[in-house]
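Participant: So the chains spell out like this:
Number of protein chains: 4
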Amino acid sequence: MATTAVAGMELLRRGRVDTRGLPLAGAKDVGLTEYAALTFGGWDLFEEDLEKAARNHAVLTDSQMEAVAPVLRGMRPWPAASNAKFCKNVVGTATKKTRGLREQVQAIREDLTRFKKEQGLERVVVVNLASTEKSVDLTRPEFATPEAFEKALDANDADIGPAMLYAYAAIVDGVPFANFTPSVAADVPALMELARRTGAPIAGKDGKTGQTLLKTVLAPALRDRALHVEGWYSTNILGNRDGEALNDPASKQNKLDTKGAALDSILGYKVQDHIVQIQYYRPRGDNKEAWDNIDVTGFLGQPMQIKLNFLCKDSILAAPLVVELARTLDLAKRRGEGGVIDALGCFFKAPMSPDGQPVEHAMAEQQRRLMTWLSKGRTRQAEHPPERLRG
Amino acid sequence: MATTAVAGMELLRRGRVDTRGLPLAGAKDVGLTEYAALTFGGWDLFEEDLEKAARNHAVLTDSQMEAVAPVLRGMRPWPAASNAKFCKNVVGTATKKTRGLREQVQAIREDLTRFKKEQGLERVVVVNLASTEKSVDLTRPEFATPEAFEKALDANDADIGPAMLYAYAAIVDGVPFANFTPSVAADVPALMELARRTGAPIAGKDGKTGQTLLKTVLAPALRDRALHVEGWYSTNILGNRDGEALNDPASKQNKLDTKGAALDSILGYKVQDHIVQIQYYRPRGDNKEAWDNIDVTGFLGQPMQIKLNFLCKDSILAAPLVVELARTLDLAKRRGEGGVIDALGCFFKAPMSPDGQPVEHAMAEQQRRLMTWLSKGRTRQAEHPPERLRG
Amino acid sequence: MATTAVAGMELLRRGRVDTRGLPLAGAKDVGLTEYAALTFGGWDLFEEDLEKAARNHAVLTDSQMEAVAPVLRGMRPWPAASNAKFCKNVVGTATKKTRGLREQVQAIREDLTRFKKEQGLERVVVVNLASTEKSVDLTRPEFATPEAFEKALDANDADIGPAMLYAYAAIVDGVPFANFTPSVAADVPALMELARRTGAPIAGKDGKTGQTLLKTVLAPALRDRALHVEGWYSTNILGNRDGEALNDPASKQNKLDTKGAALDSILGYKVQDHIVQIQYYRPRGDNKEAWDNIDVTGFLGQPMQIKLNFLCKDSILAAPLVVELARTLDLAKRRGEGGVIDALGCFFKAPMSPDGQPVEHAMAEQQRRLMTWLSKGRTRQAEHPPERLRG
Amino acid sequence: MATTAVAGMELLRRGRVDTRGLPLAGAKDVGLTEYAALTFGGWDLFEEDLEKAARNHAVLTDSQMEAVAPVLRGMRPWPAASNAKFCKNVVGTATKKTRGLREQVQAIREDLTRFKKEQGLERVVVVNLASTEKSVDLTRPEFATPEAFEKALDANDADIGPAMLYAYAAIVDGVPFANFTPSVAADVPALMELARRTGAPIAGKDGKTGQTLLKTVLAPALRDRALHVEGWYSTNILGNRDGEALNDPASKQNKLDTKGAALDSILGYKVQDHIVQIQYYRPRGDNKEAWDNIDVTGFLGQPMQIKLNFLCKDSILAAPLVVELARTLDLAKRRGEGGVIDALGCFFKAPMSPDGQPVEHAMAEQQRRLMTWLSKGRTRQAEHPPERLRG
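Residue numbers (our numbering), protein chains in the order written: chain A, 1 to 391; chain B, 1 to 391; chain C, 1 to 391; chain D, 1 to 391.
Among the clues, some could well be false.
Since the list can't tell identical chains apart, any single copy or any two copies may satisfy a pair.
Unchecked claim - Quick list of in silico lysine-lysine cross-link-like pairs, DSS-like style, CA-CA up to 30 Å: (1) Lys270 / Lys307; (2) Lys116 / Lys28; (3) Lys270 / Lys151; (4) Lys28 / Lys270.
What the hints contain is simulated information worked out from the structure, not anything from laboratory work.
Construct the complete structure from the given sequences, taking the supplied hints into account.
Facilitator: Structure below.
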């Protein structure tokens, strides 16, 4: 979806598409960087250039593809940090030839510095879009404080996966960081605290695009009408690389965990039969499909059913959120806000919250908070800062 | 659904059902009358007693039916005002034997007075639950002021239908009035102004139960994600008496009109292909079913689809709203609030608004406003006032 | 869909597509004309060439379009016979400048003769693909015998619509004729008898493509399992020119009539609530969507539901049937079979049957009959005869 | 579902229900035993009487329950043969206190003899309705011939599960046997041969009730229209004891295997993405729900989708098939037909076929064969023979 974001911004710049699908296109005069001012770069496990990636991905129409092919052709990702133990089913060839964690962190920081310099950028933002990693135990003392974390880094701790490395590399330099995946990245106390200290705005995790979006839209209404949710069965079929990654049970469980919490949190009770399935299904490619069946009981204990069928496109829903995260985190940085930016909760399946505050999952309320946060900047004027994204 | 409300409150009083499905069951300490303190009475075109109505309706389970049959058996509606020109497909036998509009109004007011006295009630609330009437031209000068309206009454104006008569009869005595149907009732300038003068809280119109509820839940999220709605096709199948009434094209059009406005209002643009169909379909009885297909375009102009299938029960969704309307309007009356109570918008497909203010249709925002309005009374304590409903 | 058929056969000839979707591609050695040997020509109310039609239609992919554009560019339909009284919502500009019915018939026959000569064809087949006309009374004496019909032609009878004219013009010369629309064409006793006399194989009517296809697939199984159909609610949304034509209530009723009979015929009883709706809905273009809800009761009178959602493409389903009709009718002609060919019932919503014999609607049984009929020719060898179609 | 069958036949006898849902109710004069002449008995792992089972099951309506409760109250199953290694998640308390396989077989045969005598029955039929067992290797030499099988019995072979024991016990005495479950029972060469020798008609396996029924109805039509199936995603949610049994992965796999073969067999090619999921989901109880998404490509390689949603009732669909199996197998016995009765294929997900003949899965063709087979007996007259079923 990084490719889709890059291609989309290029098509927008050329007037080939409008701002449809970009949630904050209508948020004027609040200081957000213009879409046209964004510059992209990033890492990948696969060294194919973006044109090739876009053609494989088959998200663009033929004529959109032809319009941006020359630009994408020149863009090639940088070799990525990777760890087969964290994400089994996606094994790339373009991995960093480094040995220790510290070296990897150093390499990432140097990539960023070089990129800024080469492109003449003022500021950067890092967004994690890599495939889902396996879960780790977040309560380990190594993840409790910045100091403990850095010692664990020195010791090449086996629980520090690639997503965490990128998070650390950004945060330590005060660079804004968003985690668009279910992997563990900045969502440990150590890195949240570090972000506060360095003034790095952070947000995450797991982009809220399709089924979970609709879940957090519908559930508040069921609560408001006092319709009791007896069961919620959600199944997904998808056929892109993300789907393949989820064929690894460890990655899948991590994904399912971030999808599960929202419902109970909104309803205020534990739904006894909340089942979420994700199934790799080749014929669809990037065209995801979700089917939900919701069993509720209402007045007089009478049962009713809601069924929801979402034929969506993964990258088309995700790419605009990635772009808006870059713009909002950059705005936070310029406003001097560091640590978890909880006004960005509407973008995530499992929003981070500072200091263990309760998390808001209801979409409409999240949106209201985002609008309120944005409007604080309505007086200031944006100064076209370039951006970068990691794919 | 009046029968369902009566039976349901009786079952609740006996501990046979819980408060599931009652939206404000959790709103404690805000001064709402207790459910157990409500007393019901009402008019109908059919003189069968409520037990018979409930058995025909087939909404209660067998064991619920047996539990309340003795109570319902004794309850018989009063003969209703009716006008075949306003609702063609429902012709009852139990109509008031009066000639002029003034006489009908007088008969309604006397019914209320008698009911209060017989039951020893402090206060009453009138809710219109009759079948949908045909539409009338709301801009006629006769509907502009209370004075013009009363002259029209004297002249037995052909555009004053039964729903308006009940509204007038309640409002003129300062009695709270809600219109749960798409018919024209208190939603003319004349009666809104009269309500302000007499201190009658009013609300309407057309209970928001199934498909439109979900529409006003989903549409704000589509707007917030900047997904452009290309078309929204909604179809409904239902097999109860309401469905039969809608086989009259005039009544149906009126219904469709109140269903149509919400979507464009929430999205902020006119959806080119917004189609709503309602189809009488016998096999379902009271079990309504809605199917929606929504075509949206997102980032890069790419099309996606959402399909929504709601297997619901008309009375089960509607009866609790009727009960809550009685409780909230009664609360408004005790608080001294007259005229349109716009905090009650979440209960209606086409909420009335005072003085032409823009109407909020988004469900989550409506709910927030209701909660805010209710919390204003959190200091005061409710004094168990009895209620009555019209069915 | 004529354009889709022409383009598809051209793409097949060039090896750009395979025979997928062509029902009789696997029927070898039965004497059917090869796909590659077909030549197309036809009439239309609109004079745009086929390239333009195909681009408007937007059925082909971009690369398929480019591959056949040069061929389609040269092909322009001939001016058509038309009658605004028979099809209100489709008014073309390219109509024949003739006055009487006899003149129109003559013009059609001359078009066919000229076409055969120009293209060097041995044989032709005429298929009616025009928009749906209004219904006429089939029991009029004018439609009872060939002689009465010809007198009505002479008298310019107002009930003889364009579809009938084309049917007569083909049949009178012994040319095979198929009616792919719900319009009245050869399905009157007069023309069926004429076809027997002239040896013209005929078939119709109304191509069985989407919803009705599935209905005739499912219904036999419900019958075989003794599941009683209480109601069957079918709704369709479609956005192409056919959909627009159906906005004319007279055309729509005709369409609905041909869709209605199959169900009761298969089940052996009248389904009390069989409702079929067709709705013009712009966002879909040629991509039709059908939603069916079926209420059945089974053992112990227990209710169950089946819901069916078909996201299909009108032309993609129809064009192959048109091609196969041309091939099978041509085969019938060569075999010396005239009159109604009832083995072709699987292609139609309302199959014609000779001499009032009962019509078989169950898809599997229809298919079995087609296969049996085809296998009768397995000994003979096909001699590559060219064909033509009317669009 | 045994309980549903027993209760249903009793309700039918009393005229409380009609023959709706019984597939062969209309098959008159073919020699089938009357429904009213059937007598039921059987084994279960749970010793509760049938009234209790029926109340837990909650399939009957309240008034149906009251009508048959007195009859069911008296009926208690006999202790069953069981083996925890074959079906992990269903552990009953009412198991036979026997040690070796031979002893268990003997006990089963004695149960049947005693039952016939007590009830004064002429003939019995055994139908396996137990929960799904794990799979075993059918190619082992022990399963190849009756002689080898009997030696394995003597040796208490660990691969001989309860379903096989019941099958053997019936077949060895020439008693008709049907396997309504996916377990391995009579479907090994040894028992098929034995059945031929003893003249025991046998049939199986795995009752074709919901999703697979529709699959074998739809797939032939897709084949006949040459629509290529790219993927077929099937998911099921169900909440009864069968659902719980399938929470054991070994039982589930066995179930999925019998569901998988039909599709490829009908289409004539391997569907690359045919996925079947079964999910235990408590809120539904016996009310199963299936959702299918089918991706097909048609003419010009264009993709289309069919979605199927079946809200069914497991026992309501299954019980009538069990009854019809008893009646048809009994008919076969009286006609002198032994071994696999392949005309009964329409009742099964994975029909057995004699001597490795190809299996027909297409529902309409199976039905045709059943009708043909039945009509062979149209001349003979049935002599009211009592029956018995195993639950």
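Participant: Are the hints correct? Go through all of them and say.
Facilitator: For each hint, the structure was consulted:
Taking identical chains as interchangeable, the C-alpha atoms of Lys270 and Lys307 lie at most 30 Å apart whether they share a chain (20 Å) or sit on different chains (27 Å). For a Cα distance limit of 30 Å, the shortest separation of Lys116 from Lys28 inside one copy, 27 Å, qualifies, whereas the shortest one across copies, 57 Å, does not. Taking CA atoms no more than 30 Å apart as the test, Lys270 paired with Lys151 passes in neither setting, with 39 Å inside one copy and 54 Å between copies. In the homo-oligomer, the alpha carbons of Lys28 and Lys270 lie at most 30 Å apart only across protomers (22 Å), although the nearest pairing inside one protomer, at 40 Å, exceeds that limit.
Of the numbered hints listed earlier, the single one contradicted by the structure is hint 3.
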